[in-house]
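Chains as they are written, first to last, in the working numbering: chain L, -4 to 241; chain X, 162 to 336.
Take the hints with a grain of salt, since some may be wrong.
Each computed DMTMM-like pair below joins lysine to aspartate or glutamate, with the alpha-carbon atoms no more than 25 Å apart [what the hints assert, rightly or not]:
id, chain 1, residue 1, chain 2, residue 2
1, L, 232, L, 115
2, L, 34, L, 234
3, X, 233, X, 311
4, L, 232, L, 174
5, L, 235, L, 115
6, L, 47, X, 187
7, L, 156, X, 245
8, L, 156, X, 247
9, L, 156, X, 187
10, L, 95, X, 187
11, X, 233, L, 174
12, L, 233, L, 174
13, X, 259, L, 142
14, X, 281, L, 174
15, X, 281, L, 234
16, L, 70, L, 234
Since the hints were made in silico from the structure, they are not lab data.
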Amino acid sequence: MKTQHTSIFIISLMVLMLLPKTSFSQKDTEKKADTLIVKQKYGLRLGGDLSKLVRSFIDDNYTGFEINADYRLTKRLYLAGELGTEERTLSNDYLNSTTKGSYFKAGVDFNLYKNWLSMENLIYSGFRVGASTFNQTLNSYTVYNSDQYWESPYTSTDSQKFNGLTALWAELILGVKAEVLTNLFVGANVQFKSMINQTQPANFENLYIPGFNRTFDSGRFGIGFGYNVSYLIPIYKKDKKIAVDE
Amino acid sequence: MKQIFPYKIILFLLIIIGTWSCERDDICAESTSTTPHLIIRFYDINNQTTLKNARNLTVTGEGATEDILYNKTVDSIVLPLKFDSENTTNTTRFVLEKNTDYRLDTNPLTNSNVDIIEVKYTPQFVFVSRACGYKAIFTDLQISRDADDDNWIINTEVINPTIENENAAHINIYH
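Extracted from the complex, chain X is given alone in its bound form (with noise of 0.2 Å):
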């Protein structure tokens, strides 16, 4: 009579601790909120608290190359924010074209009209997870218009001031 000494189990526990030190890679679930965009949503100035679609809207960023909306009537949009560094200003400067169809068709009276908007914003870096890392928010948001001989938008207003989700629009433009 021998008795051995249980190997197996031993075994089956450098097994069950092999495998575990494959940890499983931390992700950052899509669904987490993190760098927030803008929400700007477009009024009618005659009644300023109706909605009033932008016709036919291209949306570029200032400097960028891809456009961020294409030749849609919309009313509202979302825009991504620049950022290089916390706690300072920052500007990002975006091309709102409107009635595109009329710069793309071959008609030499109609033509789009553009404007430039300038945001500027304060990011502040918050801690989210350890998948996702940082996510920015803006607090202090600010916009302005350059004034051309014919702006389509007439007036603008910061509704909200810090940009922390995309629950709700931060700018109204009316027009």
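This is chain L alone, in the form it adopts within the complex (with noise of 0.2 Å):
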């Protein structure tokens, strides 16, 4: 009976010790992943349009400033925006005009590309909505005449000045941003515009608009292109975690 007992003792502990190794085992072949943490920057970015700077040296005709910001939202979400001048002379055998004023963009850029690590590059769609207010000054312009029998076309020379004009449009962007420097980010980017509304000159048209570019006869889109250079203000930092498969 005392055997018994002992015998029963004995094998119903190996068993409990058994149990958990059994348990143990199990709980192994669980897949665990593991995880990398990685800080990322989140701040405000400034930065100024390089292109724009250059063109005003080079560019008798132009003379334009921008400057740029985004502050990151998320991990992909960033709200952006855009603040310039521009100055315009537009000229070809008939007309010579210059377009003169300030420009307003806001929007959202979204982030497209998976960095890798800590890598904080881009490669972003981005949407703005832009404002603008302008004046247009008529330089001259000589009045248009197939017919060349009378020699010499009326050309007029007295500017006619166009105050107070506005417009105001949407805009598709592409681009990249990428991170040469730490903090410092160089970027080229194109930017869709479609114009929503605008004032027009009485019997002249907005051939140039700060901010949208030149516009075209055959309808309200445009296009525009940026060069960036940007510094990043780091404000916080936030943890990214990254599976890392084996």
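Two chains, each in its own frame: build the complex with the hints.
Laid out in structure tokens, this is it:
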């Protein structure tokens, strides 16, 4: 009797000892992902458009300046905006006009690019609403006459100024921003624009709109581009968990 | 394992941007209606609704060296108007020579008949497009004929005092 009890005790003890072991081995077969935590910088990125600055120096008919900023909201979403001023003289055989004014654009950028580890480059698509107030001066014009029978077509050199012009448009942006030095980014983008509303001068037309770029006779669409240099001011850091497969 | 930032995409974008800056030249299409001509039609003085050809007509702008029309029998003419200011009355005079062939031939008994018309109008400049710029239109059209011993033009009439297009005649000449 006593030996029987002893053997039951030993057996059950052995079973008890085995049980957790089996459960342990089961836990081990559960695949647990290894995670890597990377600090991501969140902050305000401030910059300027380099192409406008360079063009102001080399093109006599252009003066422009733009500052831009974006603020990181989430992992992929940025609040973005631009503020600028432009002066542009357009001339052909029949018209010579100067547009001068400033503009403001606001919207969001969405990063489409999945970065490796701690890199924070962007290939982004953005949306903006742009608004501009400007004036246009018609410096001179030559009346178009397909018939050259009477020589020397009439040219008017009385400059006419059209003040208080406004325009509102929407843009789709496609661009890249690459971190070349710590916190320093360079980028390029193309902007596809669609005019929503504009005030046209009487007996003339908005040939150029600051921020919108030149207009087209064919419709309300426009295109623009920018080369940016910007600096990120990190405000806080947030963990980014990256799962690493074995 | 090193991830490379897709510089190819950047390069592609730069190329797109670069080529776009070469904007196409804006050329004023010929089909665009720009500064219109003055259209005159010739009618029969005896039957004023019937067109009547002006025989062997030569038309020259007064002061110009070239002919607008030379020795052609036509029932209508298209004339370019001269202008050098906006919103004031401008004048162009045209020399209309009928039977040009009679002057050209060797017969001293026959000769052509030269009449001069004077057209007055007020030009206005209207914006067309960025490529064409401005065109002129003409309002308050008036016509008079210089009287001489032997006028072949008997009567003139402005039927459309505003020259905005070339779709219809602006002046009728009865002869």
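Tested hints:
1. Only pairs whose Cα atoms come within 25 Å are accepted, and residue 232 of chain L paired with residue 115 of chain L is accepted, the gap being roughly 12 Å.
2. Between residue 34 of chain L and residue 234 of chain L, the direct Cα distance comes to roughly 5 Å. Compliance with the 25 Å bound is thereby established for this hinted pair.
3. With a CA separation close to 21 Å, the supplied pair residue 233 of chain X and residue 311 of chain X stays within the 25 Å bound.
4. Restraint check for residue 232 of chain L and residue 174 of chain L: satisfied, since their Cα atoms lie roughly 17 Å apart, inside the 25 Å limit.
5. Proximity of residue 235 of chain L to residue 115 of chain L is assessed by CA-CA distance (about 11 Å); at most 25 Å being required, the pair is judged to hold.
6. For the hint pairing residue 47 of chain L with residue 187 of chain X, the CA-to-CA distance comes to about 23 Å; that is within 25 Å, so the pair holds.
7. Restraint check for residue 156 of chain L and residue 245 of chain X: satisfied, since their Cα atoms lie roughly 22 Å apart, inside the 25 Å limit.
8. For a cut-off of 25 Å, the pair hint linking residue 156 of chain L to residue 247 of chain X stands: about 18 Å separates their Cα positions.
9. Taking the CA atoms of residue 156 of chain L and residue 187 of chain X, the gap is about 23 Å. The hint holds against a cut of 25 Å.
10. For a cut-off of 25 Å, the pair hint linking residue 95 of chain L to residue 187 of chain X stands: about 22 Å separates their Cα positions.
11. Between residue 233 of chain X and residue 174 of chain L the alpha-carbon distance is near 77 Å, which puts this suggested pair outside the 25 Å criterion.
12. This hinted pair checks out: residue 233 of chain L and residue 174 of chain L have alpha carbons roughly 18 Å apart, not beyond 25 Å.
13. Of the pairs offered as hints, the one joining residue 259 of chain X and residue 142 of chain L holds, with about 24 Å between alpha carbons and a cut-off of 25 Å not exceeded.
14. Distance restraint check for residue 281 of chain X and residue 174 of chain L: the Cα-Cα separation of roughly 70 Å exceeds the 25 Å cut-off, and the hinted pair is therefore not satisfied.
15. With a C-alpha separation of about 83 Å, the suggested pairing of residue 281 of chain X with residue 234 of chain L is violated against the 25 Å cut-off.
16. Only pairs whose Cα atoms come within 25 Å are accepted, and residue 70 of chain L paired with residue 234 of chain L is accepted, the gap being roughly 10 Å.
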